[in-house]
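Visitor: The lines below spell out each chain.
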Amino acid sequence: DSGVTQTPKHLITATGQRVTLRCSPRSGDLSVYWYQQSLDQGLQFLIQYYNGEERAKGNILERFSAQQFPDLHSELNLSSLELGDSALYFCASSVGGNRDTEAFFGQGTRLTVV
Amino acid sequence: LAKTTQPISMDSYEGQEVNITCSHNNIATNDYITWYQQFPSQGPRFIIQGYKTKVTNEVASLFIPADRKSSTLSLPRVSLSDTAVYYCLVGEGYGQNFVFGPGTRLSVLP
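Respectively, the protein sequence lines represent chains A and B. Per my numbering, the very first residue in the first sequence carries number 3; after that it's consecutive. Per my numbering, the very first residue in the second sequence carries number 70; after that it's consecutive.
These are calculated hints, taken from the structure and not from any lab test. None of the values given here were measured: they were computed from a predicted structure. It is possible that part of the hints are untrue.
[Said to hold, decoys possible] Distance ranges between label pairs, derived from CB positions:
(1) B/Pro76 <-> A/Pro72: 42 to 48 Å
(2) B/Thr152 <-> A/Glu55: 19 to 25 Å
(3) A/Asp73 <-> B/Lys72: 35 to 41 Å
(4) A/Gly30 <-> B/Asp136: 37 to 43 Å
(5) A/Ala16 <-> B/Glu127: 43 to 49 Å
(6) A/Gly86 <-> B/Thr122: 42 to 48 Å
(7) B/Tyr82 <-> A/Ser29: 37 to 43 Å
Glycine residues also receive a C-beta, built at the ideal position from the N, C-alpha and C atoms.
Throw the hints in and build the complete structure from the sequences for me.
Guide: So this is what it looks like as C-alpha cells:
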C-alpha cells in the first residue's frame, strides 16, 4: 500500500458525460501528479499540483481540468467524455514540489466510456 | 528528455538473475536514470535510481558505465512475483512528469 488513495476504483459512464476522480495523497506529501494510462499510449503525465498551485502541465486535454484543495486532496475533472478517454487514471504524490523526491502511485481509477 | 530504448519483453525462470538493459544515448549531464516496476492494474512503483557507476538497494542493482549511454537493471534470483513491466526513465528527478515508454515486460516462469 503506497498510502495514496484514489476513488472510485471503477467508473463506467457514457460519451458526453463529465466525471470527477479523487486522490488523497500520502500524509505529508504536498505534490500531486495525475497520469493517464491507455493501451495504445502508455503512461502519460497530465498535470502536477504543489501545495494548491499548478506546478507543471503535461499532455492534458482542454476538456480535462484538475485542482488541489487546501487539505491537499486533488480532483481530476474529465468532461465531454469520448470513447478514447477510456483508460486507467493514476494519481501520485511526493513530498517536494521539485522532481527530486520519490513519487508514490495510487491504485488508479479505471474509467470506461461507453 | 532523453529517449530510452529497452527490450519489449524478456522471459526468465525462477531463481535466475535478470538483467534488463536500457539505452539512452542522448542523456544530459543533469539527468538521472530511474527504474519503475508496474504490476497489472496497479500504479508504477519506484525501484532504483542512479547517476553513475553502481547503485544497490534491497531489491535491485543498477549498473551505469562511465559514458552513461546505457544502464542495466539487475534483479537477483527472480521469483514469479517479479513478473511485471519495468520502465527505464532518464531525466532530472524521479520521472514524475515523464512519459513512460512501453517498458520491458518480464515474465518469470516456474
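Visitor: Now look at each hint and say whether the structure bears it out.
Guide: Tested hints:
Evaluation of the 42 to 48 Å hint for proline 76 of chain B and proline 72 of chain A yields a pass: the beta carbon distance comes to about 45 Å. As the Cβ distance of threonine 152 of chain B to glutamate 55 of chain A is approximately 40 Å, the hint placing it in 19 to 25 Å is violated. Distance hint for aspartate 73 of chain A and lysine 72 of chain B: a CB-CB separation of about 39 Å, consistent with the stated range 35 to 41 Å. Distance hint check for glycine 30 of chain A and aspartate 136 of chain B: the Cβ-Cβ separation is about 39 Å, which falls inside the suggested range of 37 to 43 Å.
For alanine 16 of chain A paired with glutamate 127 of chain B, a C-beta distance near 46 Å keeps the hint of 43 to 49 Å intact. Take glycine 86 of chain A and threonine 122 of chain B: their Cβ atoms lie about 44 Å apart, and the range 42 to 48 Å holds. A beta carbon spacing of about 40 Å between tyrosine 82 of chain B and serine 29 of chain A agrees with the range 37 to 43 Å that was offered as a hint.
The structure does not agree with numbered hint 2 stated previously, though it agrees with all others.
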